[in-house]
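S.K.: First to last, the protein sequences are chains A and B.
Last residue of the first sequence: 548 in the UniProt record's numbering, with the numbers rising by one and none dropped.
Last residue of the second sequence: 426 in the UniProt record's numbering, with the numbers rising by one and none dropped.
The hints are simulated quantities; they were obtained by calculation from the structure and are not laboratory data.
Be a bit skeptical, because a hint or two may be false.
Below, a list of computed lysine-lysine pairs in the DSS-like style, where the Cα atoms sit at most 30 angstroms apart [to be verified]: (1) K211(B) x K518(A); (2) K63(A) x K223(B); (3) K252(A) x K417(A); (4) K384(B) x K338(B); (5) K197(B) x K243(B); (6) K523(A) x K197(B); (7) K223(B) x K512(A); (8) K257(A) x K112(B); (9) K387(A) x K211(B); (10) K387(A) x K474(A); (11) K474(A) x K380(B); (12) K194(A) x K112(B); (13) K512(A) x K197(B); (14) K384(B) x K518(A); (15) K384(B) x K523(A).
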Amino acid sequence: MRWKSIAVYLPVTAVVLGLLLIVFSTAFPPVHARVDDSEQHQENAELASSVAQVNQWFRNDWKEANLSQATQAEEPIVLRRLSLALHGTIPSLEELRRFESDERPDRLQQWCREMLEDPRFADYFAERITRAFVGTQGEPFLVFRRDRFRNWIVEQLNQNRPYNQVVQEIISQTGLWTGEPATNFMTHAVLNGKVDENKLAGKTVRAVLGQRIDCAQCHDHPFADWKQQDFEGLAAYFGQVRLSAFGVEDRKNQDYKVEDRITLEERTVQPEVPFQENLLPDSGTRREQLAIWSTHPDNRRFSRAAVNRIWALMFGKAFSEGAPYYARVDDLPDPEVGEGTGTALDLLAESFVASNYNIKQLIETIAALEVYRLDSTSHEIDDTVVKRQIDHWAVFPLIRLRPEQVVGSMLQATSIKTIDQNSHLLTRTFKLINENDFLKEYGDFGADELDERAGTVPQALLRMNGNLFEESTKPNPFNATPRIALASGSPEQILDTCFLTCLTRLPSLEEKQFFLNKWEDDKSRRWPQRTHDLYWALINSPEFSWNH
Amino acid sequence: MSIDRIGNLFSGLSRRDLLKASTALGVSFLLPTLSARAAEKRGNERAKSFITLWMNGGPSQLETWDPHPGTAIGGPTQEISTTFSGVNIAADYPMMAEQLQHLSLIRSLVSKEGDHERGTYFMKTGYRPDPTVIHPSIGALIPHQLETKGLEVPPYVSLGDGQWPGRGGYLGDQFDAFRVFEPGRSVQNMRARVGDKRQTDRLEGLDILAKSFRKGRQYQSEKSLHQDTVERALTMMSSDQLKAFEIEDEPESIRNKYGDSRFGRGCLVARRLIETGVRVVEVTLNGFDSHASNFEAHTNRAADLDKAFAMLVQELRDRDLYDSTIVLCIGEFGRTPKINPLDGRDHWPNGFSTLIGGGGLRSGVLIGETDPTGMATDPKDPIKVQDLYATILNQFAIDPGEELMTPIGRPLHLCEGTPLMQLLDA
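Extracted from the complex, chain A is given alone in its bound form (with noise of 0.2 angstroms):
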């Protein structure tokens, strides 16, 4: 009787102990340095040329503005922001035990060379830009093809290819939309079979040059030297675009016309541009005349423009300071006459133009300066000091995460590996359809995601109440809360678990007691309901939902 238990209870406890086994490896999986530290990475001094350059350019503003600037962010809450720009989610727990035993001093800096070089990186932010040129449109239907468009962004990324090339191909490009990807720029502004030339006007100078010219469509813009004659002028270098059964083509002959709208009477309109006609190049047709002066190296609007959008992505604002009307990612001032008087935002455009337009360096850039690497809170008590410090980046800013950043970070906090290329189809699947679900119930900001916004009550609610959470933390064997509950050995090391993988850091030592001596006052519940509990309160905290 007794060898009989024996026989059945021993192949279901050694079941029993491997399927630990297996949760607490998971839980807890070893630590491979993917860097290899053998290999000496050159540092780059061009990039350290740049970025002691813009350092000293915020040090000079702040002891002129007679601020103090806030102490250096804890480093995987730099990683947490790094995350979020670049893959859109927060860090997994994995890449943090293994950023923890990176002990590489630049580790930060290799980090963000490594997230540059992941496909994740490519596949996000080839979506932002995609928005910045054709929004978030799935029409026209037929001739617009805006996966096409931004699958090609990907590639261009995942090659690096130089910005200005890339903007050239989209402003210039002929072809079918479905061969020729970057032609999907012109075939968006498809407005009842016909190219809307005022619309493409509009929008290249919002995304190529970062400032709007759209009112003066109607009138003469009140704030800014643009004239109506200027948009018209730029209208007419896109007058010659139609579609056709070869796509979209260039028809040279081509008059580009307007209804005047005082005497209603047709006119030519000769394609101009508003300034630095002197950068034009002599030949080609429109397009491709205006995609060179657009990208020239001296059209400073441009560089900065790209500067400006990259700078929003990294810190979720534009860099712009000052009045509202200038906080956007779009709507610059006209730069300062001159070299050499510019500010920050002058110096990282010089840098990026004199590196061929590289992007990556410049995320690289931007991610080693020291305003990236500040913590956002402030020693200052008067909110009027503590404001200025914020205009002067002498703080980090506080940017509630967008729709999609909030909802890969919350797939992220409730799976202990990473979410990314590699994981088992399931588990993108699962990922796929609970981004769609969440985002149509949060709400798609569009294509202006990069303006400030407050939060919603129906946001409030679907963190709060909504399935993605709970299906996602429910104590079930597929989800992290109750493999952390079991395989942490200790409730400090299920608290310290948690935090890490909701909020990238570590409990403080009043929150530790705070959770410790409630699981020790109320013994009712089990391990996987108080992590469980543990989790909604951290996901549904500002901290989570912030970039800090």
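Could you slot chain B onto chain A? The hints should help.
M.R.: Quick look at chain B alone, frame taken from chain A:
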């Protein structure tokens, strides 16, 4: 009782429980605001409300409120007489025919937007799409301009699965319509997923984390309005006013009269929300984009629209709510007089119909006329949506000419139209 039970909408954490627990535990910031209870019965001086029945896809004027039977453009649609003297409507709307005397009819609405998204934007905001600014919908403007004291649920609600619900635009996302995808069935995400005690524990944990985060970030945290939003969400979760979203306690006979469709339930919920003090409700009926099989599609839509719309007008009148509630039935455009080879009609922004009534507006007014031959593209007495919205704002004592400053520093009028004197009481 299991501590893990998932309470239903009203047996979750009650307001009183939450207040008691919050006070006892010192959960400071999560304490819901102690605002006065919303008036359960509204007095004689009722605040005005606005219900839009949004016909998504662009309904055919010829198959609804402006039929032309027996003409080349009329198709098989027949007409019936109504209680509105001299006005006939499509025969698919017998119940609306009974109510029509309480409404006014515009048959000459004009727009320049023939695309669904652009048309919807225009017809909901009164402004054509402009890349420099996102305009608020008329529904967002009203709660922005008028106080809604004691209201614990959102003042602007969109019922049904509309593709482009009204937005706050430059007023901010907090003025977006609160969306309820399945009206009358459940309000999504409104129930705490755990029982009272666990929910209180969770909130307590959240409070500790929020306090930690505020340290050194007081200014930025307050500016973020995160706490305010969570507070309002919790207030809503524990509010008795949520009952307005439910229709279970309505008599079966009433529910049947509205119809057991998403739109029918939406209209019933709309009436309940208005009774509770919600300012603006939008109910969407999908399926009017009839490029093919136009007549079949419209008959199918009429089955839902006729009974729900008629019952809504009837009930608002029975409950003495009609004089304080404007009801507008509108879509993004109409459909072409010409019938295409697929027996469909295409987009037509050049002369289409809308019904409007209640809210102190004159009833029995007919404006505009379309050409029965379909040859003339412009209707007689064309009406712009801006003027229609100026009329509605006027009824709320809101000056349409008032300017608001947009985030790009550009002042914009609330509405660029002028009120339609024909609809205003003498």
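S.K.: With a cut-off of 30 angstroms on the C-alpha distance, tell me whether K523(A) and K197(B) pass.
M.R.: With a Cα-Cα distance of about 14 angstroms, the restraint between K523(A) and K197(B) holds, given a limit of 30 angstroms.
S.K.: Between the alpha carbons of K387(A) and K211(B), is the straight-line distance 30 angstroms or under?
M.R.: holds (20 angstroms)
S.K.: Keeping to a limit of 30 angstroms between CA atoms, is the pair of K223(B) and K512(A) held or broken?
M.R.: It holds: about 28 angstroms lies between the C-alpha atoms, which stays within 30 angstroms.
S.K.: Does the structure keep K194(A) and K112(B) at a Cα separation of 30 angstroms or less?
M.R.: Between K194(A) and K112(B) the Cα gap is close to 16 angstroms, so the pair holds against 30 angstroms.
S.K.: Take a quick look at whether K211(B) and K518(A) sit within 30 angstroms of each other, Cα to Cα.
M.R.: holds (17 angstroms)
S.K.: With a cut-off of 30 angstroms on the C-alpha distance, tell me whether K63(A) and K223(B) pass.
M.R.: The hint holds at about 26 angstroms.
S.K.: Take a quick look at whether K387(A) and K474(A) sit within 30 angstroms of each other, Cα to Cα.
M.R.: With Cα atoms ~41 angstroms apart, K387(A) and K474(A) exceed 30 angstroms; violated.
S.K.: Sort out whether K243(B) lies within 30 angstroms of K197(B), counting only the CA atoms.
M.R.: holds (23 angstroms)
S.K.: Is K257(A) within 30 angstroms of K112(B), Cα to Cα?
M.R.: holds (21 angstroms)
S.K.: Starting from K384(B), check that the Cα of K338(B) is at most 30 angstroms away, please.
M.R.: At roughly 23 angstroms apart (the allowed maximum being 30 angstroms), K338(B) and K384(B) satisfy the hint.
S.K.: Taken at face value, is the distance from the CA of K380(B) to the CA of K474(A) at most 30 angstroms?
M.R.: violated (63 angstroms)
S.K.: For K512(A) and K197(B), compute the direct alpha-carbon distance and say whether it is at most 30 angstroms.
M.R.: holds (21 angstroms)
The structure does not agree with the numbered hints 3, 10, 11, 14, 15 stated previously, though it agrees with the rest.
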